[in-house]
Amino acid sequence: MSSTVTKAVIPAAGLGTRFLPATKAQPKEMLPVVDRPSIQYVVEEAVAAGIDDILIITGRNKRSLEDHFDRNVELENQLSAKGKIDDLEQVKALADLADIHYVRQGEPLGLGHAVSVAAKHVGNNPFVVLLGDDIMHHDSHLLRDMISNYEATGSSTVALMEVKPSEISSYGCAAPDQRDGDRCHIVDVVEKPRAEDAPSNLAIVGRYLFTPGIFEALRHVQPGVGGEIQLTDAIALLIKDEPVMGLIFEEGRFDIGKKIDYLRATVELALERPDLGPEFRQILAEIVRREGIV
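Quick note on the working numbering: the sequence shown kicks off at 6 and runs consecutively.
You may find that some hints are simply not true.
Below are the BS3-like pairs computed for lysine-lysine, each with C-alpha atoms no more than 30 Å apart in a straight line [to be verified]:
no., residue 1, residue 2
1, K12, K263
2, K169, K87
3, K263, K29
4, K245, K197
5, K263, K197
6, K245, K89
7, K97, K87
8, K87, K12
9, K12, K197
10, K29, K245
11, K87, K197
12, K125, K264
13, K169, K125
14, K245, K12
Quick caveat, the hints were computed from the structure, so don't treat them as lab data. Only a predicted model underlies this, so the values are computations on that prediction, with no experimental measurement involved.
Given only the sequences and the hints, what does the whole structure look like? Please build it.
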């Protein structure tokens, strides 16, 4: 049975300042994890969950994102002439992943504003929002489970992860009610609370499924610090009008917005590759022995 959720929005207008100077002249979403840019992992995750209509919110100096998912006939001809058929098929497949559209966020006014830019494209349809700083392991079924939850309940659904109290101030935080296993109803959300003020240790992380009601909520959100419109504030307004659920998960996430997790993702995903893993494992073992780590 085909999914009732077929649209995705990927905000990708950020400047990527945490990865300067690498992101001075290239989008952070194009930084490679092994041999694929991070945004490709996000797009492939959406496609694997049944999404076939993807809107990427871009900004200045992001043209390479569009080029990556477009045809490159000159490159294809060169690969074909050299008999590099596997590479050729990979390159051609990028253009056929999904219907990918682009719109610019004219000003960097926050995640909530970036999502609001998608209103005309999404229309009166449910849709998912995937943040590019979070990539999921290919075995993860988080997004599929969120869609299944929406299809069963008709409710917006937000991905939640338990974090240490000392880390909750880096996230939006959900106040849960009626928790049943990995699902709960959310009664409130707070943006980056202090540990002592947090209503729970459930952090909102990188994956959202919204009814179109979120756009009405975004229209009523007041700009906060720096004039930014927070998506968390819009969720808090949405909760007043319709149920919002949380889906709690534990594994499969790489927060590649952090340098240390970017490195972890590169190592773990490379080790799983049959063409790289065995030799790479030997290299890591040699480093461990040389440095006396164990």
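Outcome of the hint check:
no.	hint	verdict
1	K12 / K263	28 Å, holds
2	K169 / K87	52 Å, violated
3	K263 / K29	17 Å, holds
4	K245 / K197	20 Å, holds
5	K263 / K197	17 Å, holds
6	K245 / K89	56 Å, violated
7	K97 / K87	16 Å, holds
8	K87 / K12	38 Å, violated
9	K12 / K197	28 Å, holds
10	K29 / K245	41 Å, violated
11	K87 / K197	53 Å, violated
12	K125 / K264	35 Å, violated
13	K169 / K125	38 Å, violated
14	K245 / K12	25 Å, holds
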